[in-house]
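A.B. asks: Using the sequences plus the hints, can you model the full thing?
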Amino acid sequence: SQQGEEDPQALSIQEGENATMNCSYKTSINNLQWYRQNSGRGLVHLILIRSNEREKHSGRLRVTLDTSKKSSSLLITASRAADTASYFCATPPNNAGNMLTFGGGTRLMVKP
Amino acid sequence: NAGVTQTPKFRVLKTGQSMTLLCAQDMNHEYMYWYRQDPGMGLRLIHYSVGEGTTAKGEVPDGYNVSRLKKQNFLLGLESAAPSQTSVYFCASSYSFGRSISYEQYFGPGTRLTVT
Numbered sequence: 023s024q025q026g027e028e029d030p031q032a033l034s035i036q037e038g039e040n041a042t043m044n045c046s047y048k049t050s051i052n053n054l055q056w057y058r059q060n061s062g063r064g065l066v067h068l069i070l071i072r073s074n075e076r077e078k079h080s081g082r083l084r085v086t087l088d089t090s091k092k093s094s095s096l097l098i099t100a101s102r103a104a105d106t107a108s109y110f111c112a113t114p115p116n117n118a119g120n121m122l123t124f125g126g127g128t129r130l131m132v133k134p
Numbered sequence: 005n006a007g008v009t010q011t012p013k014f015r016v017l018k019t020g021q022s023m024t025l026l027c028a029q030d031m032n033h034e035y036m037y038w039y040r041q042d043p044g045m046g047l048r049l050i051h052y053s054v055g056e057g058t059t060a061k062g063e064v065p066d067g068y069n070v071s072r073l074k075k076q077n078f079l080l081g082l083e084s085a086a087p088s089q090t091s092v093y094f095c096a097s098s099y100s101f102g103r104s105i106s107y108e109q110y111f112g113p114g115t116r117l118t119v120t
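Chains as they are written, first to last, in the numbering used here: chain V, 23 to 134; chain Z, 5 to 120.
Each hint can be trusted.
Straight-line C-alpha distance at most 30 Å; calculated BS3-like pairs for lysine-lysine:
hint: 1; chain 1: Z; residue 1: K75; chain 2: Z; residue 2: K61
hint: 2; chain 1: V; residue 1: K92; chain 2: Z; residue 2: K61
hint: 3; chain 1: Z; residue 1: K61; chain 2: V; residue 2: K48
The set of hints was computed from the structure by calculation and includes no laboratory data.
C.D. replies: In structure tokens, the structure reads:
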């Protein structure tokens with residue numbers, strides 16, 4: 023079973039626009055992570071936000087976490103064609119240390 | 005550093021055949037994982053290892069076996085391949101500084117397996 027679920031499943035935007043992806047999860051967590059997967063490649067870690075953090079930035083990425091709503095969002099600002107990829111949220115099931123459960127992902131297409 | 009590498013990159017098997025997928029990491033990570041990814045879906049954990057000589061079942065372990073004889077290597081075996089095991093297989097590794105702490109996972113490039 024999937025702990026996290028991303029929304030929307032697919033998103034298409036123009037270069038320069040912002041992209042927002044959401045993740046909802048079911049149980050309490052001590053952190054939430056976002057990963058990117060380019061077509062035909064492995065996943066690459068983007069950012070980790072801990073349960074006592076509400077917002078975190080990394081370059082053009084902004085992640086928020088609302089533990090009361092059990093949800094997180096990933097915002098990519100000023101998107102580029104190179105941002106075209108699938109984005110996954112991941113959470114530790116039952117706070118089981120180094121284990122992660124991945125959602126189904128959001129497929130982002132950025133048109134030049 | 006090569007990071008996490010996987011061999012082979014592609015493989016086609018007939019139903020009933022066996023094979024072993026090899027994962028190697030050069031980051032001295034304690035934890036290693038095997039996932040499978042089916043079209044349009046996220047990753048599902050098959051087996052994982054918290055250290056040399058130890059393995060444990062994940063979410064979808066049936067039909068697979070694993071071994072971790074050396075810290076840097078994690079092998080995934082299919083004893084009798086079935087069409088339902090057609091998938092892309094990813095290996096990952098991570099640090100471990102305590103069971104309650106999560107760290108980022110580093111992924112290999114994947115192995116695309118087709119079972120006919």
